[in-house]
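If you're matching positions, the sequence shown starts at 38 in the numbering used here and goes up one per residue.
By construction, these hints were calculated from the structure, which means they are not laboratory data. Ideal Cβ positions, reconstructed from N, Cα and C, are used throughout, including at glycine. Careful, some of the hints might be misleading.
In the BS3-like style, the derived pairs of lysine-lysine whose C-alpha atoms are separated by at most 30 Å in a straight line are [to be verified]:
id: 1; residue 1: Lys89; residue 2: Lys109
id: 2; residue 1: Lys43; residue 2: Lys91
id: 3; residue 1: Lys109; residue 2: Lys43
id: 4; residue 1: Lys108; residue 2: Lys91
id: 5; residue 1: Lys108; residue 2: Lys89
id: 6; residue 1: Lys103; residue 2: Lys89
id: 7; residue 1: Lys91; residue 2: Lys109
id: 8; residue 1: Lys103; residue 2: Lys43
id: 9; residue 1: Lys91; residue 2: Lys103
id: 10; residue 1: Lys108; residue 2: Lys43
id: 11; residue 1: Lys43; residue 2: Lys89
Across the chosen pairs, the derived CB separations fall in these ranges [claimed, not checked]:
id: 12; residue 1: Ala106; residue 2: Ser72; range: 31 to 37 Å
id: 13; residue 1: Ala81; residue 2: Asn59; range: 27 to 33 Å
id: 14; residue 1: Ser56; residue 2: Ser92; range: 29 to 35 Å
id: 15; residue 1: Lys91; residue 2: Thr58; range: 21 to 27 Å
id: 16; residue 1: Ser55; residue 2: Ser92; range: 25 to 31 Å
id: 17; residue 1: Pro42; residue 2: Ala70; range: 18 to 24 Å
id: 18; residue 1: Asn59; residue 2: Gly93; range: 18 to 24 Å
id: 19; residue 1: Thr58; residue 2: Ala94; range: 30 to 36 Å
id: 20; residue 1: Ser92; residue 2: Asn59; range: 21 to 27 Å
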Amino acid sequence: MVGVPKSLVTTGAAAVPSSVTNQTIYITGIHNAHSATATIKENASNGTVVAKVKSGASFTPSQPIKLGAEKKIYSDVTDVTISYVVEGGATFTGPAGLTFTEQ
Numbered sequence: 038m039v040g041v042p043k044s045l046v047t048t049g050a051a052a053v054p055s056s057v058t059n060q061t062i063y064i065t066g067i068h069n070a071h072s073a074t075a076t077i078k079e080n081a082s083n084g085t086v087v088a089k090v091k092s093g094a095s096f097t098p099s100q101p102i103k104l105g106a107e108k109k110i111y112s113d114v115t116d117v118t119i120s121y122v123v124e125g126g127a128t129f130t131g132p133a134g135l136t137f138t139e140q
């Protein structure tokens, strides 16, 4: 898996990141600082459940959790830190005409 490591702290019930065009997300870790169990789903409140993490607990999967192509991360509670890797994206031309992947 080649990609850019990122993390987010959930602040509301919304799917993030804002755009995943031509990208795939792999969740590499979750920490729940909320007072209730966090349910992490793929893309939306009615999406596929990918993990449940109890209050105050951390979870590191043995293999990164792959979301479907162009799917986002959704948490039903705030204050959950999710570490993830974004793979893919449109290519762009950098210095000396080299081609890179936009992240």
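Could you tell me which of the numbered hints above are not met by this structure, giving the numbers in increasing order? 13, 15, 18 and 20
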